[in-house]
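Undergrad: The listed protein sequences correspond, in order, to chains B, G and C. First residue of the first sequence? That's 560 in the numbering used here, and the numbers climb one at a time after it. First residue of the second sequence? That's 104 in the numbering used here, and the numbers climb one at a time after it. First residue of the third sequence? That's 311 in the numbering used here, and the numbers climb one at a time after it.
Bear in mind the hints are in silico, worked out from the structure with no lab data behind them. You may find that some hints are simply not true.
As the list claims (entries may be wrong) - Which bits of chain G does chain C cover? Going by a derived footprint, with three or more residues having C-beta under 8 Å, they are: (1) 310-319; (2) 519-532.
Said to hold, decoys possible - Simulated pairs of lysine to aspartate or glutamate, DMTMM-like, Cα-Cα distance not exceeding 20 Å: (3) G:K542 x C:D448; (4) C:K446 x C:E385; (5) C:K426 x C:D436; (6) G:K448 x G:E538; (7) B:K668 x B:E762; (8) B:K893 x G:E540; (9) G:K542 x C:E462; (10) G:K500 x G:E520; (11) G:K448 x G:E327; (12) G:K542 x G:D531; (13) C:K326 x C:E341; (14) G:K489 x G:E409; (15) G:K448 x G:E535; (16) G:K448 x G:D503; (17) G:K237 x G:E363; (18) C:K446 x G:E545; (19) G:K237 x C:D452; (20) B:K668 x G:E327; (21) G:K500 x G:E475; (22) C:K446 x C:D430; (23) G:K448 x G:E368; (24) G:K542 x C:D436; (25) B:K646 x B:D561; (26) B:K668 x G:D531.
In this text the structure is predicted, and so the values were computed from the model without any measurement. All residues carry an ideal CB built from backbone N, CA and C; glycine is no exception.
Below are the chains, spelled out letter by letter.
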Amino acid sequence: MDQFLINVLNGISSGLLLFMLSSGLTLIFSMMGVLNFAHASFYMIGAYFAYVLTGIVGFWIALFLAPVAVGLLGALFERLALRRVHKFGHVPELLITFGLTYVVLELVKLVWGLSPVSFTPPPQLQGAAFTILQSTDGLGLVWGAAPAGTCGDVAGRVVHCSTFPATRFFMMVVALLMLVSLWLLLTRTRIGLVIQAALTHPEAVEALGHDVPRVFMLVFGSGCALAGLAGVAGGITFVTEPAMAAVVGSIIFVVVVVGGMGSLAGAFVGSLLIGLLSTLPLTVDDSLATLFNSMGGHVGPETFGWPFLRITLSQAAPILPYLLLVLILIFRPKGLLGTREG
Amino acid sequence: MDTAVSALPIATPAAARRNYHFRPYNVGRWIVWGLFALVLAVAPLFWTSSFGQTMLIQTGIAIIACLAYNILLGQGGMLSFGHAVYSGLGSFLAIHSLNFIASGRLGLPVSLVPLVGGLGGLFFATLLGYVTTKKAGTTFAMITLGIGELVWSMSLMIPEFFGGEGGISGNRVVGKPFFGITFGSQVQVYYLVALYCFACTALMFAFTRTPLGRMLNAVRDNPERVEFIGYSTQRVRYIAFMISGFFAGIAGGLAAVNFELVTAEVVGAGRSGAYLLFVFLGGATFFFGPIIGAVLMVVALVLLSELTQAWLLYLGLSFLFMVMYAPGGVASLIMMNLRVAAFGKLRHVWTSYLALAGTAAVMLLGAAAMIEMVYHLQLNIALGSKLRFLGATLDAKSPDSWFGAAFVLFTGVAMFEFTRRAFKRQWDTIQEEIEREIKRREALV
Amino acid sequence: MSFAVELVDVRKSFGKTEIIRGANLQVRPGERVAIIGPNGAGKSTLFNLISGRFGCTSGEVRLHGQRIDGLAPYEINRRGLARSFQVSNLFTRLSVFENIRCAVLWSMGYRYAFWKFLADLDDANDRTEEVLEMIKLDRKRDVLATNLTYAEQRALEIGITIAGGAGVVLLDEPTAGMSRSETRRFVQLIRDVTVGKTLLTVEHDMGVVFGLADRIAVLVYGEVIAFDEPEAVRANPRVQEAYLGAVLEHEAAGAH
């Protein structure tokens with residue numbers, strides 16, 4: 560049970576990371592109609608910038624500086640490159656961000672090398688955030704790591720301990736803070752009102768006389784800054800390496816399509832769903848074959864379709880989000896909470 | 104349907120003209136196709152080395168794959184990030200058939216194995232295409248991305264079909280020889296590829312001249328309007344998707360026969376991205392653009408990657424600049440200049456082109472020297488700090504080399520900018536003159 | 311007698327706003343009907359409902375007696391109804407000839423054929439030439455649609471609409487943005503190409519309306535408040551009150 564709870568928390572924290580990324584993506588898409596293919600690349604840059612800045616000013620200042628730097632970089636890209644192709648339509652915009660992924664990946668490899676960098680969490684975030692204990696007495700929670708001697712076979716009682724890493728906990732906190740500030744920004748400020756309007760009616764917002772090029776630069780930069788913030792949190796939780804962009808790259812597009820293009824709430828629901836869907840099955844070692852056999856069937860290597868039937872859920876975990884994508888597109892093409900078509 | 108189509112007033116002179124349809128032979132077209140066939144036929148006589156012939160074979164395969172991809176991108180306006188799925192699955196089916204032929208379970212000649220790949224591509228395009236073509240534009244792109252990832256992830260889960268890490272290997276020298284041809288030698292494989300390349304190119308070109316091909320263009324230009332003239336936009340896209348998958352599968356099948364080894368990366372995102380990148384670079388708006396793109400693809404992936412480690416960076420940067428400044432690709436640049444030549448104005452421009460090329464070369468030289476030095480420092484530092492760059496020796500750790508490269512770069516940039524402005528003025532003047540000439544000719548008609 | 315186009319209590323809401331509030335209309339075959347009304351009355355929405363671009367919230371739309379509400383636009387088009395757009399909706403990168411030929415292909419039965427060459431389809435090509443001559447764009451047959459002048463694009467728009475030979479034609483503000491002389495030429499063009507067909511047209515130019523229409527339908531706030539011959543509509547007090555009144559008189563006096 561303790562392990563299950565930790566798995567659920569892992570799934571939720573992954574989902575919240577995905578939300579940090581997909582919210583920026585949704586904002587950019589809603590306001591500019593541009594699907595930023597390079598969003599995961601800015602995530603990666605955020606991690607690397609934070610790694611460098613941590614060495615200079617320490618982690619906690621880097622936590623604020625790195626996203627700002629990434630945001631500036633994004634705004635610069637918008638100003639120099641993206642703006643130039645805006646008049647060609649949405650496809651060239653997508654293509655230019657696609658080309659950017661190649662350039663960013665190569666530059667990152669160039670500057671920091673091919674192997675992972677040792678981006679270690681600050682002392683406050685090392686170790687466990689809390690530990691869940693389970694024994695015959697029920698469940699218990701201990702902040703930080705469990706004291707030595709409480710886990711395992713202790714005086715005749717078996718106590719299972721599962722730890723939840725502090726970095727993951729931090730990631731959840733940052734994501735939730737970001738969610739709350741985003742919500743406050745959208746519902747309580749004037750610029751938030753403009754963004755909300757643009758989420759569903761971008762042309763009308765343009766017609767109302769807002770300085771569109773500057774707004775675009777601001778929006779693109781902010782979206783990238785959000786990705787950079789996610790990168791800081793993700794960099795200390797996971798491995799900071801050139802491949803980290805590819806790991807999340809395609810998943811966030813699944814999230815926005817499943818949640819509904821242009822819907823922030825949809826992005827939230829989609830992220831959590833996909834986060835849980837890619838984490839929870841990892842512990843299940845059953846397959847369709849074991850399911851049939853438990854119901855009295857006799858499925859074995861000679862059965863037709865055995866290669867499919869023997870795939871365990873844990874092996875299939877990477878493809879489940881994509882399967883969900885296909886199902887959603889068949890049965891609910893607008894996405895779960897979508898209001899706009901792509 | 105009597106009430107639907109009512110009688111229309113027919114202008115009588117037109118009706119009288121209807122009985123005779125003047126259809127002259129398009130001599131130009133015969134010449135172009137003849138040249139194409141000739142080039143395909145004699146190419147291996149010029150490139151006799153094994154490396155050269157490998158490149159020729161790969162180019163032939165790439166031409167089919169890129170043209171198939173352009174049915175979606177250039178002709179249909181459908182941006183797919185997952186087309187390698189269809190060529191890749193075609194490859195896998197082809198290699199399995201080769202193994203079936205070897206074990207005697209399938210009595211198919213090896214020369215028809217690419218068709219098996221094609222049928223495989225067609226099958227999967229039919230299966231996955233229905234869901235894929237339900238949406239358009241950006242959502243379509245995302246769906247293709249998702250399905251590409253789906254198939255790639257599944258490739259690791261079903262080693263019986265995908266061969267796991269090592270892939271599936273086969274042998275193309277199996278089955279009954281066809282008139283003594285066993286496909287053991289590279290030349291024989293080349294001519295097989297050349298035959299398929301010519302046939303597929305011709306078929307895909309013919310497709311652009313059919314009702315469905317034209318309606319596909321209409322869907323690209325205005326998908327909404329298409330619905331109001333009686334066509335289902337989704338059906339048009341779906342059928343085009345299937346046709347594209349068929350030809351992609353043929354390319355995959357030929358690759359399987361050539362390399363005798365198929366690994367999971369043939370369905371991967373890298374290959375799908377390469378299709379997109381190079382078809383766009385070659386030019387998606389003209390039929391022959393993807394052919395140029397295919398040549399560029401083989402040159403970049405096979406040659407350039409041998410010459411420098413920074414090749415992916417150069418590729419990405421070239422792509423970025425193409426999207427910004429020449430979204431029609433190399434083909435559009437060629438056509439623009441052909442138009443200028445057709446109006447007799449090319450002689451004014453070629454000196455400017457030379458100047459542009461020269462200054463650009465200087466600029467690129469400086470940039471490339473710096474990039475190569477950085478790459479050397481990062482990746483090859485164990486070999487010492489010296490590296491060879493185009494015949495000269497640079498020392499990545501010495502400030503002299505850096506100063507020299509920076510100097511060359513900045514001089515090049517300054518000169519390039521200067522020549523570019525002069526060229527732009529000249530080009531704009533020429534375009535105006537051409538527009539005036541076109542109007543003048545129109546008024547004469 | 312079955313009506314060519316019939317609207318039975320059609321309603322359309324966008325969210326909470328009801329745009330069309332129970333529209334009723336019966337158009338006889340071969341009739342020319344102009345739909346007029348103040349801005350925001352829902353005229354283009356009505357066209358979108360009839361042609362299948364949007365679905366009705368409730369009510370029925372009938373074409374030659376058969377219900378077409380809920381059908382996809384291409385299904386409605388195949389049953390013999392074609393429409394033009396207020397903002398020219400052309401195939402931008404195709405030539406004028408290709409634009410028209412695309413519009414002709416389905417009605418000639420070629421469907422999704424990829425085994426025939428366009429150059430060999432004599433009947434389609436001949437029909438395309440006919441339509442080009444009718445809309446007077448035969449000189450511009452190889453010009454790309456984006457490179458035409460505004461009036462030529464409007465003409466091409468109409469050409470695409472009628473090329474398939476549909477019996478019921480909907481024209482949405484065909485003369486929008488045209489000068490007086492262009493309008494006059496265009497109205498003559500419309501008369502020529504819609505001989506024997508049922509025509510519904512949305513128009514703001516009263517001169518065009520009175521010159522072209524057999525009957526006028528007045529749409530105000532999503533309801534058809536009058537549907538009668540031009541003179542009767544002009545005299546209708548409800549129309550005068552809801553629409554332009556004196557301007558109506560003045561325009562009609564200057565109509566041809």
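Undergrad: Evaluate each hint against the coordinates.
TA: Evaluation of the provided hints:
no.	hint	verdict
1	310-319	holds (count 8)
2	519-532	violated (count 0)
3	G:K542 x C:D448	holds, 16 Å
4	C:K446 x C:E385	violated, 30 Å
5	C:K426 x C:D436	holds, 16 Å
6	G:K448 x G:E538	holds, 12 Å
7	B:K668 x B:E762	violated, 40 Å
8	B:K893 x G:E540	violated, 50 Å
9	G:K542 x C:E462	holds, 16 Å
10	G:K500 x G:E520	violated, 30 Å
11	G:K448 x G:E327	violated, 40 Å
12	G:K542 x G:D531	holds, 17 Å
13	C:K326 x C:E341	violated, 35 Å
14	G:K489 x G:E409	holds, 18 Å
15	G:K448 x G:E535	holds, 12 Å
16	G:K448 x G:D503	violated, 45 Å
17	G:K237 x G:E363	violated, 36 Å
18	C:K446 x G:E545	holds, 15 Å
19	G:K237 x C:D452	violated, 33 Å
20	B:K668 x G:E327	violated, 44 Å
21	G:K500 x G:E475	holds, 12 Å
22	C:K446 x C:D430	violated, 24 Å
23	G:K448 x G:E368	violated, 48 Å
24	G:K542 x C:D436	violated, 27 Å
25	B:K646 x B:D561	violated, 55 Å
26	B:K668 x G:D531	violated, 41 Å
In summary, the structure is inconsistent with hints 2, 4, 7, 8, 10, 11, 13, 16, 17, 19, 20, 22, 23, 24, 25, 26 from the numbered list given earlier, while agreeing with the others.
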